[in-house]
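*Asks:* If you want the building blocks of each chain, they are given just below.
Protein chains: 2
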Amino acid sequence: NHVIVCGYGRNGKQAVHKLEAYDKDFVVIEMSEDIVSRQLEEGMLFIEGNAVEDEMLLQAGIARAGTLICALPSDADNLFIVLSARQMNSNLKIISRATEDTSFQKLKLAGADNVILPDKIGGDHMANLVVTPDLVEFLDNLAVSGSGDSINVEQIPFEKVCSNGEEKAIKELDIRKKTGCSVIGYKSPEGNYIVNPEPSLVVKKDSKLILIGRPEQIEKLKNQYDV
Amino acid sequence: NHVIVCGYGRNGKQAVHKLEAYDKDFVVIEMSEDIVSRQLEEGMLFIEGNAVEDEMLLQAGIARAGTLICALPSDADNLFIVLSARQMNSNLKIISRATEDTSFQKLKLAGADNVILPDKIGGDHMANLVVTPDLVEFLDNLAVSGSGDSINVEQIPFEKVCSNGEEKAIKELDIRKKTGCSVIGYKSPEGNYIVNPEPSLVVKKDSKLILIGRPEQIEKLKNQYDV
Ligand SMILES: [Ca+2]
Ligand SMILES: [Ca+2]
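So the protein lines, in turn, are chains Z and X. Each step along the first sequence adds one to the number in this note's numbering, with nothing skipped, and position 110 is 110. Each step along the second sequence adds one to the number in this note's numbering, with nothing skipped, and position 186 is 186.
Because the hints were derived from the structure by calculation, they are not lab data. Worth double-checking, as some hints may not be accurate.
As the list makes no split between identical chains, a pair holds if one copy fits it or if it spans any two.
Straight line, CA to CA, 27 Å or less: simulated BS3-like cross-link-like pairs of lysine-lysine [claimed, not checked]:
| hint | residue 1 | residue 2 |
| --- | --- | --- |
| 1 | Lys-178 | Lys-220 |
| 2 | Lys-178 | Lys-168 |
| 3 | Lys-160 | Lys-108 |
| 4 | Lys-177 | Lys-24 |
| 5 | Lys-178 | Lys-24 |
With the sequences and hints as input, model every part of the structure.
*Replies:* Below you can see the structure in the form of structure tokens.
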């Protein structure tokens with residue numbers, strides 16, 4: 001159930017940093033011998049080779065992997081890998097970067113679940129700093145889940161929030177009183193999101209609540225609900 | 001008080017799309033004659049030339065501009081422009097892209113207010129899809145302010161929320177009852193953000209509230225407070 005990262009350029013490197021911070025198991029496929037030997041010295045799991053070759057994906061354990069991140073600079077290479085990987089493991093979650101707009105649809109067709117266009121995100125981000133600076137600053141600085149000690153947004157699954165298995169309305173749960181955190185979202189069992197759900201909404205089995213709070217409130221939340 | 005965008009590559013283009021959508025006045029400086037003549041035909045304000053030349057910035061009205069977006073592919077070019085622009089207009093908000101990590105600090109030193117590293121944001125994003133997929137999906141799909149009809153996050157300044165100028169506690173404002181929206185943030189008069197502020201927090205002059213809601217709730221909010 002590990003993550004395979006193809007390419008240790010600027011994109012892949014940043015992704016790997018984050019995976020490490022969250023203690024995820026991963027292996028990186030990278031062509032540069034220099035980079036690979038340096039990272040192996042630091043105890044990281046690197047394989048030297050070109051991820052476009054099926055052999056490399058097999059060596060990285062594609063059959064039992066949970067996620068593949070394609071972060072090569074060439075859209076054509078990423079497309080090739082996405083297509084190969086999808087054939088080797090139909091349950092794999094595949095995330096690919098793309099440079100060109102026009103590659104988005106192709107990568108989706110080839111089997112990618114998510115396609116990230118860094119230049120597009122970057123351009124959006126620059127414009128957001130002009131049009132809604134305060135909101136962008138606020139949302140950007142929200143720290144999301146994980147193991148850090150400055151978390152602002154966290155999710156709790158149904159079975160933690162209603163530990164006896166009984167479905168209850170949000171207001172009956174009294175989460176704000178118990179922890180200080182506020183419910184800002186609900187993910188239904190079908191996977192649909194409701195922003196700012198009504199207090200009367202009944203929390204269903206297999207759903208999730210999304211909450212916001214200051215770090216000390218999130219800490220309380222985690223203790224209270226054993227997240 | 002217009003926006004100057006240097007470079008109409010993938011980054012600049014996306015920024016321009018967003019500025020247009022929010023009806024911001026802008027002018028683009030772009031070197032490619034082809035691109036410029038095509039955009040001029042579409043009625044967009046483009047100037048042909050190299051933004052590294054001071055003359056081009058003057059022509060784009062740098063002295064009376066509100067914001068400069070440097071979206072050239074070369075970090076050295078962006079650095080050059082940031083430095084020139086900062087000398088020409090000390091009040092200008094300067095936003096620059098950067099490719100290399102090491103350029104971040106240099107661009108800041110040269111006078112950039114914000115530096116955006118698209119590859120870093122992209123890499124982060126890919127990893128977030130692995131480590132906190134639900135939260136990322138939820139936050140990514142929040143539509144922020146502006147003129148659209150599917151907005152989820154909006155800000156209200158003090159003078160709108162306390163229209164008689166009297167400072168009041170959040171709970172006294174009864175915003176949730178009146179509009180359905182929930183307060184998720186507070187920006188103090190000094191510019192500091194408080195996430196998930198207490199209901200007892202007194203909303204001060206020159207502060208802002210940040211609220212979350214479903215589109216119909218945000219619509220109510222805008223009508224109620226004349227935003
Ligand atoms: Ca670790
Ligand atoms: Ca317009």
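*Asks:* Of the numbered hints stated previously, which ones are contradicted by the structure, given in increasing order?
*Replies:* 3, 4 and 5
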